[in-house]
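Colleague: Take a look at the letters that make up each chain.
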Amino acid sequence: MALSTSDAPAAPVLAPSAAGVTLPAGELKPAEYMRLARALRESRNPSLRAMRVAVLSSHTLGIVEPFVSVEGAREGMAVECYFGAFGQFEQELADPSSGVHRFDPTALVIALRPEDVDPDAVVRYHATGGKRFEALADELCTRLGGCVALFRERSSAPVFIANFAEPSILPLGIFDAGTTSLTAALARANDRLRQIAAAHSGVVIWDYAGLVRSRGSAEWTDARLWSLGRIAVAATHQPALARHLARTIASATRAAAKCLVLDLDNTLWGGVIGDDGMEGIALGDDHPGSAFKAFQRRVLSLMDRGILIALASKNDLDVVERVFREHPEMLIKWEHLAAVRINWSPKSINLREIADELNIGSDALVLFDDNPVERAEVRANAPEVGVIEVPADPLGYERALADASYFDQTSLSSEDRARSDSYQQERRRREFGQRFESVDEFLRGLEMVVEIGTASPSTMGRIAQLVAKTNQFNLTTRRHSEAQIAAMARRSDGRVAYLRLTDRFGDQGLVAVAILLRRGNDAAIDTLVMSCRVMNRRVEDALMAYLVGEARAMGCRSVVGDFLPTKKNGMVREFYPRFGFTRVAEEEGVTRYALDLRTATVEWPAVIQRSGTP
Amino acid sequence: MSFDERLRLVFASVLGIDASTLTDDDSSQTIAEWDSLTHLNLIFALEAEFGVRFEAEEIPELMSVRAMRQRIPREIDGAQYV
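From first to last, the protein sequence lines are chains E and Z. For the first sequence, our numbering assigns the number 3 to the initial residue and increments by one for each residue that follows. For the second sequence, our numbering assigns the number 51 to the initial residue and increments by one for each residue that follows.
I should point out that these hints are in silico values taken from the structure, not numbers from a laboratory. Ideal Cβ placement from N, Cα and C applies to all residues, glycine included. What you were told as hints is all true, and nothing was included just to trick you.
Not the full set, but computed from the structure, chain Z residues with beta-carbon under 7 Å of chain E:
id	residue
1	SER63
2	GLY66
3	LEU90
4	PHE94
5	ALA95
6	ALA98
7	ALA106
Over the 10 Å line for every Cβ pair with chain E, so calculated as not near, a few chain Z residues:
id	residue
8	PHE53
9	ASP54
10	SER70
11	ILE81
12	VAL115
13	ARG119
14	PRO123
Just the calculated beta-carbon pair ranges, DEER-fashion:
id	chain 1	residue 1	chain 2	residue 2	range
15	E	ASP97	Z	ALA69	42 to 48 Å
16	E	PRO567	Z	GLU55	51 to 57 Å
17	E	ALA87	Z	GLU107	22 to 28 Å
Starting from the given sequences, assemble the full structure and let the hints guide the process.
Modeller: Here it is, written out as C-alpha cells:
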C-alpha cells in the first residue's frame, strides 16, 4: 500500500544532516533522544517527509514521542505526533471536531491491549474456560473494524493496527502453550486482526506482538511506569518501540528498495579469492565459513521476496564466475544474479551501471560491502544508493541485513515473488530478439496477449503497488493510496484499469495501470503507469487504445492527459504527442494534452492480441 | 565530565533549557517545560545516564534539581563524583 505523499523516496535516509541536525548511527542515550528530537522540531528539515501520526491507544504512549521523532528522521520522515486520551477510540473517530480529526493525520495508529480493556478476561483466563476472553476478542475486533470504518469516512490515510502481544505473566505460567492456553487464544485473535486488515484498504498490521516477543515480554513493562502513568512500555524498550513503529510507517508510505548489490571477498565468503583461491576461502558449515553460508541463505530469502541480487566487486571475472559455478558450498548461484560488475572501476560507477542495466533508479539499490572505504566512496559519490553499515564480525552480517529497513515490504504480491524469474525470462527475450530483422517481426514473434480489466479486490493490491512504486514510466506521479484508488474505482464516471501481459516466455503479470476520470465532456487520464520491463513492446499503445475506447463509451468528446515532469520520468515526456494528442495548456510545469475524439482515435496495435477479461 | 556537568547535560537535553542557567533551586515550579510526562523522561534519562534506579514512591518526590542531585550520588560511587 502507499500514501499520497509527493515523490516518495525509494530508500530511507539513515543519517540526514541538513539544517544542522546530525543523527548519529547506533544506540543513543535517552537524553540524546530528547535533545535531538527538539533540534529536529526546531530545524524543520525540508529533506524529511512530513508525517502527522495520530496514536489512539488503551495505554499511555505519549512518552515515546521524542523517540519517534528521532527514529522517524532516521527513516527520512519529519514526524509530528498526536496522542489521543487513552481508551478514547470511537469518540475521537466519530466526532468531526475531535482532536484526531483536527490534527488531520497522514497515518493513524490504533494500539489496543486486551488486558487494558478487561484485565479479568486475560489474567483470569481460565475462570470462564476462555469464554470471556473470546467474547472480548470478538468485541475488540468489531470495535477495530468500526474504528477503521469511522476513520475512512473522513480520511484515506493508512491505518496501523497493533496486534495483540503476550502479557509478561501467562495464566498457565511456563505451560501456557497448549490448546487451552491464552497464548493459543491470542494467536487466534491475531488471525482475526489480519482478516480485518485484509478486508479494508490501507490497513496494515503493526506487529507489536512481534516487537514484544523479540525484545522479551518478561521485561517489556516496568511496574513503576505502569503504576505511575499507565505506561505499558519500559523506558529501556521505548527507543525500540519507536524504531519499530517508524520503520512500519515509513515502509508503508514509500517504495521499497529493489536490488541488493553485494561485494564478494569477506562479504559472501571469508578471505580474498584472488589470493586464497577456491580452496582457501572460508565458506561451509564450520566456523568461520558458516557465517558466510548463513548470510548467503539470508540473501536468497530476500531474492524469494522479489529483491534482485547483483554483484559489484573489484576482482577478476573468470575467477569469480568459477566460484559461483563450482564451489560446492556456494548457495547463491550465477543464475541468481540480475547484474554483475566485476572490474576495477569505482563502486559508485558500477552501481549506477547496474541500475541502468536493470532499468531501475539507482536510489532503489542497496549496497552490502564489508569494506568501509568502499562504503564511504559510494556514500560520497552515489549518495542516493542505500548503504548498509556492516559490522566487523561476519557473525553479525545476517542481523545487519535484517535490521536495515530498505527492503521492508508491508505485503508480498505474487508479482514480487515472481520478479527474479521474470528477470531470467528477460535475458531469454533479449537473446530471442537478436534473431529478428525488424522490430515488428520480433514483437509478433513474442506472441503477446494482454488482458485489460477494471480493478477488483484481487488486483487492488498490485495496482496500488504499481502506482506507489513506478517512477520512470509514470505520467503524473500521483501517489494515490490504495484507499483513494478504491474510491476512484467505485465512481460510476471513472475507470481504474489494469493491464496484464503474457508472451511466449511467460506471464509478465500486471504491468500497467491507468485511471480515467470524467471531467465534464472530457475523459481525463489522472494516472498512467507502466513497468519499465515491458517498454518498447507497444503495450502502452494497447492501453491507450483501450482508454480511448472507454472514453468514447462514456460519451466523452475528448481525452485529456497531463504530463507532470519529475527527476525520473523524462522517458514519457513525448508520450501523448506520439498518439496524436495536441498540447492545449502549460501551467506551472504541467503540460496538458488533448485528443479530440470526433476527429482522432488510437488504433489497437496489430502485434498484440487482446484476451477476454475474466 | 564531572557529575555536575553530566547532570546539567541531562536536564538541558530533556527540558530544552540552557545548562548554564540551571540552579539547585530549579524545579517543576520554576521550569515550564517540566511537566508530568517530561518528569518521567527526566527520571529515566537520569537512570540511563548514571545507572541508578529510583523506586516508584520516590519518583513523584524528586521534583527539583536539588532533590535529584542529593539522591543520585547515594547509589553511584559517591566519592568519585561529589
